[in-house]
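Peer 1: Sequence:
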Amino acid sequence: MAVFPRLLFKLIECVLYQLLANSCYKAAKKVKQYGFGFTSLFSTTNPSLKTPYPSSFYPHLSKCSLKNRASQTLVCDLNGALLNSSKSYSFFPYFMLVSFEGGSLFRAIILLISWPILCLLDWESKFKAMIFISFCGLPIKDMANVSTTVLPKFFLENLNPHVFEVFQATGSKIVFTSVPRVMVEGFLRNYLNVNDVIGTELQTYGRYYTGFLSPDGLLVKHKALLEYFGDQRPDIGIGSPNLHDHLFISLCKEGYIVNKEEKRSQGGSTTSSSSTVGRERYPKPLIFHDGRLAFLPTPFASLCTFLWIPFGVLLAIYRILIGIFLPYKLGLYLGHWSGITITQKGYTKTEASTQNKGVLFVCSHRTLLDPVFLSALVGKPLVAVTYSLSKFSEIIAPIKTVRLSRDREKDGEKMQKLLGEGDLVVCPEGTTCREPYLLRFSPLFAELTDEIVPVAVNSWVSMFYGTTASGLKWLDPILFLMNPRAAYHMVILPKLPKEMTCGGGKSSYQVANYVQRQLADVLGFECTKLTRKDKYMMLAGNEGVVQDHKSSKK
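Numbering-wise, the sequence shown is residues -21 to -1, 1 to 533 according to mature numbering (1 follows the signal peptide of the UniProt record, and there is no 0).
Treat the hints with care, since some could be wrong.
Stated by the list, open to error - In silico lysine to any residue, SDA-like type, Cα no more than 25 Å apart, as pairs:
1. Lys359 <-> Trp316
2. Lys336 <-> Met479
3. Lys452 <-> Asp386
4. Lys370 <-> Leu294
5. Lys474 <-> Pro360
6. Lys512 <-> Pro407
7. Lys105 <-> Glu180
8. Lys359 <-> Tyr312
9. Lys120 <-> Ile88
10. Lys324 <-> Lys232
11. Lys393 <-> Ser369
12. Lys107 <-> Gln182
13. Lys46 <-> Glu233
14. Lys232 <-> Asn172
15. Lys359 <-> Ile375
16. Lys508 <-> Ser486
17. Lys232 <-> Ser50
18. Lys474 <-> Val362
19. Lys308 <-> Gly358
20. Lys396 <-> Met479
21. Lys379 <-> Pro415
22. Lys263 <-> Thr507
23. Lys308 <-> Ile321
24. Lys512 <-> Leu454
25. Lys477 <-> Arg413
26. Lys232 <-> Arg413
27. Lys508 <-> Ile375
28. Lys232 <-> Asn47
Calculated from the structure, these hints are not laboratory results. The structure displayed is predicted, hence computed values, not measured ones.
Just need the whole structure built from these sequences, with the hints factored in.
Peer 2: Below you can see the structure in the form of structure tokens.
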């Protein structure tokens, strides 16, 4: 009952602010327009800067020189400094990712429903409430998985480019943040080479989080900085233009504030006006990531997603049925009408024809549906071989699928037999990759035949990823088909010339590397030597080999 008066008071406070504070501010602006020089009374910064605060005692980050910083120490916060921030929803999207990816759909819905009430609370109470909803009863291992495989992608895409420049120029980097340390430490250490992370600590009970803070409560940055450095002072402090961060950066030798409207200029040149950091500048490339959401779940975006899910299930069923029961051309037309854009280049039937045995289509691997869309585009049923496929995916597949055992000799014999019966599709990466990289190609396919047709495959989704390393595999095709908008692009290249096959004197490894480079050039991707095992060890902590109910390897 004590909460209601507090909410009522907060509501009254917001109304009074809108009616009185904003009105007074607008009146002052009118007075200024009539020639009264009151600017110096209200601001000590450049009046062209649209900061939400009336004054700042520190220069903007654009005034920070990047020269000779390699031996210096930088301190800053994550939210509002290193990350581009929006005061309308604060850190909500990242708590939503924890709730949805680490918890469940039910937990995420509770967080979303709570948002209107949370908006009436002060910042500290709102932050504690979001922590409780997101973490109460959450297994520690699930949070560890989210922090290393899900959140880094969204953090990297939301880096403030101006803070990032200074961040990279300094030698030692310490981050002080009121965000729970478990949410950000993996990203900061692994991707940005941060030396230490001081954040809010959470209570645990056994293997679960309780949702409550440690006895120290939310981290107070300036107090934590004093405890960490003692009598010493860090060289550079970066904060947002508010009084709390002013206290934090006042303890540094140099202090700078972040304002996203002003752009850095060094030596007369201005950096790109982009508000994000391009992937080519990442200190560590983002090749693998997990999770189902393909967008940053702001409150509005989350609401749209949850409202869409029932319609998305019906849409996925519709798309599955037209793929199973309708002719290819009609299925492609209706699929395009339902929101899936499918484009294809380069294929002619004469190029793919063979007299004695089938053609081996060698594809880059984006989702389980790669062979299905390839079959529809070439206009004939193909046989797909796969290492890991759920029973449900086999049942709904409109083409024949054959499981491989990872026994090189047996798999080679099985694929040779299938090629004798018709055309075959293989994805030699062995697993999917969401980012613009190609994993190492297994050379087994090159030993089977010289009739090889490379296929460059790329896909795009608007809401849900149709791949996972640690989640439920049987949901992969369903979630891809639940996207309101999705796209598949395939470029079917000419058949490999005889001299570039094993029959022409090349080794199977040379052929595999050649095909990988061909597809990478067409797609604009980068070749890697990473394998399926590397992906699953990073994302799921295992080698990606799953035992079925008959104890056979998938």
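Peer 1: All the hints need checking, so say for each whether the structure fits it.
Peer 2: Hint by hint, here is what the structure shows:
Of the pairs offered as hints, the one joining Lys359 and Trp316 holds, with about 21 Å between alpha carbons and a cut-off of 25 Å not exceeded. Taken as a hint, the Lys336 and Met479 pair is honoured in the structure, with Cα atoms around 19 Å apart against an allowance of 25 Å. Distance check on the hinted pair: Lys452 and Asp386 sit about 22 Å apart at the alpha-carbon level, within 25 Å; holds. For the proposed pair Lys370 and Leu294, the alpha carbon gap of about 21 Å is at most 25 Å, so the pair holds.
At roughly 19 Å between alpha-carbon atoms, Lys474 and Pro360 fall within 25 Å of each other, so this suggested pair holds. Annotation: proposed proximity of Lys512 to Pro407 holds, straight-line Cα distance about 13 Å (limit 25 Å). Taking the CA atoms of Lys105 and Glu180, the gap is about 17 Å. The hint holds against a cut of 25 Å. Restraint check for Lys359 and Tyr312: the C-alpha separation of about 16 Å stays at or below 25 Å, so the hint holds.
Proximity of Lys120 to Ile88 is assessed by CA-CA distance (about 22 Å); at most 25 Å being required, the pair is judged to hold. With a C-alpha separation of about 59 Å, the suggested pairing of Lys324 with Lys232 is violated against the 25 Å cut-off. A distance of roughly 20 Å separates the Cα atoms of Lys393 and Ser369; the hinted pair therefore holds under the 25 Å criterion. A distance of roughly 13 Å separates the Cα atoms of Lys107 and Gln182; the hinted pair therefore holds under the 25 Å criterion.
Under the criterion of a C-alpha separation no larger than 25 Å, the hint pairing Lys46 with Glu233 is consistent with the structure, at around 14 Å. At most 25 Å may separate the alpha-carbon atoms for a hinted pair to count; Lys232 and Asn172 meet this at roughly 22 Å. About 18 Å separates the Cα atoms of Lys359 and Ile375, which keeps this hinted pair within 25 Å; it holds. As the CA atoms of Lys508 and Ser486 are separated by approximately 18 Å, the hinted pair is consistent with the 25 Å bound.
Our distance criterion of 25 Å between C-alpha atoms is met by Lys232 and Ser50, whose separation comes to about 14 Å. For the hint pairing Lys474 with Val362, the CA-to-CA distance comes to about 18 Å; that is within 25 Å, so the pair holds. The hinted pair formed by Lys308 and Gly358 meets the criterion: a straight-line CA distance of about 8 Å does not exceed 25 Å. Taking the CA atoms of Lys396 and Met479, the gap is about 23 Å. The hint holds against a cut of 25 Å.
Between the alpha carbons of Lys379 and Pro415 the distance comes to roughly 28 Å, so the proposed pair goes past 25 Å and is violated. For the given pair, Lys263 sits about 14 Å from Thr507 by alpha-carbon distance, which is consistent with the 25 Å threshold. For a cut-off of 25 Å, the pair hint linking Lys308 to Ile321 stands: about 12 Å separates their Cα positions. About 22 Å separates the Cα atoms of Lys512 and Leu454, which keeps this hinted pair within 25 Å; it holds.
Straight-line distance between C-alpha atoms of Lys477 and Arg413 comes to about 32 Å, which puts the hinted pair past the 25 Å bound. Proximity of Lys232 to Arg413 is assessed by CA-CA distance (about 43 Å); at most 25 Å being required, the pair is judged violated. Between Lys508 and Ile375 the CA atoms are separated by roughly 33 Å; this puts the pair beyond 25 Å, and the hint is violated. Distance check on the hinted pair: Lys232 and Asn47 sit about 15 Å apart at the alpha-carbon level, within 25 Å; holds.
Consistency note: the structure conflicts with the earlier hints numbered 10, 21, 25, 26, 27.
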